Amino acid sequence: DVKVTQSSRYLVKRTGEKVFLECVQDMDHENMFWYRQDPGLGLRLIYFSYDVKMKEKGDIPEGYSVSREKKERFSLILESASTNQTSMYLCASTKGGGGNTGELFFGEGSRLTVL
Amino acid sequence: KNEVEQSPQNLTAQEGEFITINCSYSVGISALHWLQQHPGGGIVSLFMLSSGKKKHGRLIATINIQEKHSSLHITASHPRDSAVYICAVRIAGSARQLTFGSGTQLTVLP
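Chains as they are written, first to last, in my numbering: chain H, -16 to 98; chain F, -12 to 97.
None of these hints come from the bench; they were simulated from the model. Predicted, not measured: the structure shown is a model, and the values here were computed from it. Just to be clear, a hint being listed does not mean it is correct.
Unchecked claim - Restricting the straight-line Cα-Cα distance to at most 35 angstroms, the calculated cross-link-like pairs of lysine-lysine (DSBU-like) are:
id: 1; chain 1: F; residue 1: 55; chain 2: H; residue 2: -4
id: 2; chain 1: F; residue 1: 55; chain 2: H; residue 2: -14
id: 3; chain 1: H; residue 1: 38; chain 2: H; residue 2: -14
id: 4; chain 1: H; residue 1: 78; chain 2: H; residue 2: 40
id: 5; chain 1: H; residue 1: 40; chain 2: H; residue 2: 54
id: 6; chain 1: F; residue 1: 41; chain 2: H; residue 2: -4
id: 7; chain 1: F; residue 1: 42; chain 2: H; residue 2: -4
id: 8; chain 1: F; residue 1: 41; chain 2: H; residue 2: 78
id: 9; chain 1: H; residue 1: 53; chain 2: H; residue 2: -14
id: 10; chain 1: H; residue 1: 78; chain 2: F; residue 2: 42
id: 11; chain 1: F; residue 1: 42; chain 2: H; residue 2: -14
id: 12; chain 1: H; residue 1: 40; chain 2: H; residue 2: 53
id: 13; chain 1: H; residue 1: 78; chain 2: H; residue 2: 38
id: 14; chain 1: H; residue 1: 36; chain 2: F; residue 2: 42
id: 15; chain 1: F; residue 1: 55; chain 2: F; residue 2: 41
id: 16; chain 1: H; residue 1: 36; chain 2: H; residue 2: 54
id: 17; chain 1: H; residue 1: 1; chain 2: H; residue 2: 36
id: 18; chain 1: H; residue 1: 54; chain 2: F; residue 2: 41
id: 19; chain 1: H; residue 1: -4; chain 2: F; residue 2: 40
What the hints assert, rightly or not - Part of the chain H face toward chain F, derived, beta carbon under 10 angstroms:
id: 20; residue: 28
id: 21; residue: 67
id: 22; residue: 69
id: 23; residue: 85
id: 24; residue: 88
id: 25; residue: 89
id: 26; residue: 94
id: 27; residue: 98
No residue lacks a Cβ here, since even glycine has one placed at the ideal position from N, Cα and C.
Sequences and hints are given; from them, build the entire structure.
Written out as structure tokens, the structure reads:
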């Protein structure tokens, strides 16, 4: 079964902490994405990557950074967590080296609460 | 104005009813996705369409490229169909991949 795996389903962190959210896919997909989902706002793109070490900002990159050192792994980093980053974070991947092709696969989501 | 509009936002149906969820978009697209999200769960891709119609079990998705409109139909609805259904479009020529609708919360009562 093909899979996108997110490292933590639920996290609780304190304001100012550094937070790492990990995403691993086993489908050899080129494209990987980090979204956050908030009630009434839907899914919003934080960052995406279309190749190893390549990254592009999405709609709401402020307060976040990403790392893609290996093709299968895409990490989202909150350098100094704030309460307004409390949200559901979803990782996704698709096939295609930068092209608009391919079915979309999502992870189960990571619900982050920042106190 | 959002580039992707879904309707209705909320829908309650009785078990067995035929359900339609609509999605309209205002940009050129290369494909449209219908996604399903159960409470507390991840998102599952139901369909990816670039033209015509697709069917999977009780689910049918159609798209009219000229009218920039897609519909998701559920026949003989069941309480386990209760979920949020999300329309997402791949904007033609964009590397940013997807623009999402705000979702339709479907509740099917037994």
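Outcome of the hint check:
1. Of the supplied pair hints, the one linking residue 55/F and residue -4/H is violated, its CA atoms being roughly 43 angstroms apart against a limit of 35 angstroms.
2. Annotation: proposed proximity of residue 55/F to residue -14/H holds, straight-line Cα distance about 32 angstroms (limit 35 angstroms).
3. Taken as a hint, the residue 38/H and residue -14/H pair is honoured in the structure, with Cα atoms around 22 angstroms apart against an allowance of 35 angstroms.
4. Restraint check for residue 78/H and residue 40/H: the C-alpha separation of about 19 angstroms stays at or below 35 angstroms, so the hint holds.
5. Among the hinted pairs, residue 40/H with residue 54/H is consistent with the structure: their alpha-carbon atoms are about 18 angstroms apart, no more than 35 angstroms.
6. Of the pairs offered as hints, the one joining residue 41/F and residue -4/H is violated, with about 43 angstroms between alpha carbons and a cut-off of 35 angstroms exceeded.
7. Restraint check for residue 42/F and residue -4/H: not satisfied, since their Cα atoms lie roughly 43 angstroms apart, outside the 35 angstroms limit.
8. Proximity of residue 41/F to residue 78/H is assessed by CA-CA distance (about 21 angstroms); at most 35 angstroms being required, the pair is judged to hold.
9. Note on residue 53/H and residue -14/H: the hinted pairing holds, with a Cα-Cα distance of about 16 angstroms set against a maximum of 35 angstroms.
10. Simply put, residue 78/H and residue 42/F have alpha-carbon atoms about 23 angstroms apart, close enough for the 35 angstroms limit, and the pair holds.
11. A distance of roughly 23 angstroms separates the Cα atoms of residue 42/F and residue -14/H; the hinted pair therefore holds under the 35 angstroms criterion.
12. A C-alpha spacing of about 19 angstroms is found between residue 40/H and residue 53/H, which places the hinted pair at or below 35 angstroms, so the restraint holds.
13. Straight-line distance between C-alpha atoms of residue 78/H and residue 38/H comes to about 16 angstroms, which keeps the hinted pair within the 35 angstroms bound.
14. Straight-line distance between C-alpha atoms of residue 36/H and residue 42/F comes to about 38 angstroms, which puts the hinted pair past the 35 angstroms bound.
15. The suggested pairing of residue 55/F with residue 41/F holds, with an alpha-carbon distance near 17 angstroms, which does not exceed 35 angstroms.
16. For the proposed pair residue 36/H and residue 54/H, the alpha carbon gap of about 9 angstroms is at most 35 angstroms, so the pair holds.
17. Proposed proximity of residue 1/H and residue 36/H is supported: the alpha carbons are some 21 angstroms apart, at most 35 angstroms.
18. Simply put, residue 54/H and residue 41/F have alpha-carbon atoms about 32 angstroms apart, close enough for the 35 angstroms limit, and the pair holds.
19. The suggested pairing of residue -4/H with residue 40/F is violated, with an alpha-carbon distance near 45 angstroms, which exceeds 35 angstroms.
20. With 10 angstroms as the threshold, the beta carbon of residue 28/H comes within range of chain F, its nearest partner Cβ sitting at about 6 angstroms, so the hint holds.
21. Checking residue 67/H against chain F by beta carbon gives a least distance of about 20 angstroms; that is not within 10 angstroms, so the hint is violated.
22. The beta carbon of residue 69/H is not positioned within 10 angstroms of any beta carbon in chain F (closest approach about 16 angstroms), and the interface hint is therefore violated.
23. Because the closest C-beta pair between residue 85/H and chain F is about 8 angstroms apart, less than 10 angstroms, the hint holds.
24. At its closest, the beta carbon of residue 88/H sits 7 angstroms from a beta carbon of chain F; the interface hint therefore holds under the 10 angstroms criterion.
25. Restraint check, residue 89/H versus chain F: the minimum CB separation of about 4 angstroms is within 10 angstroms; hint holds.
26. This hint holds: residue 94/H has a C-beta 8 angstroms from the nearest C-beta of chain F, less than the 10 angstroms allowed.
27. Hint status for residue 98/H: violated, given a least beta-carbon distance of 20 angstroms to chain F, over 10 angstroms.
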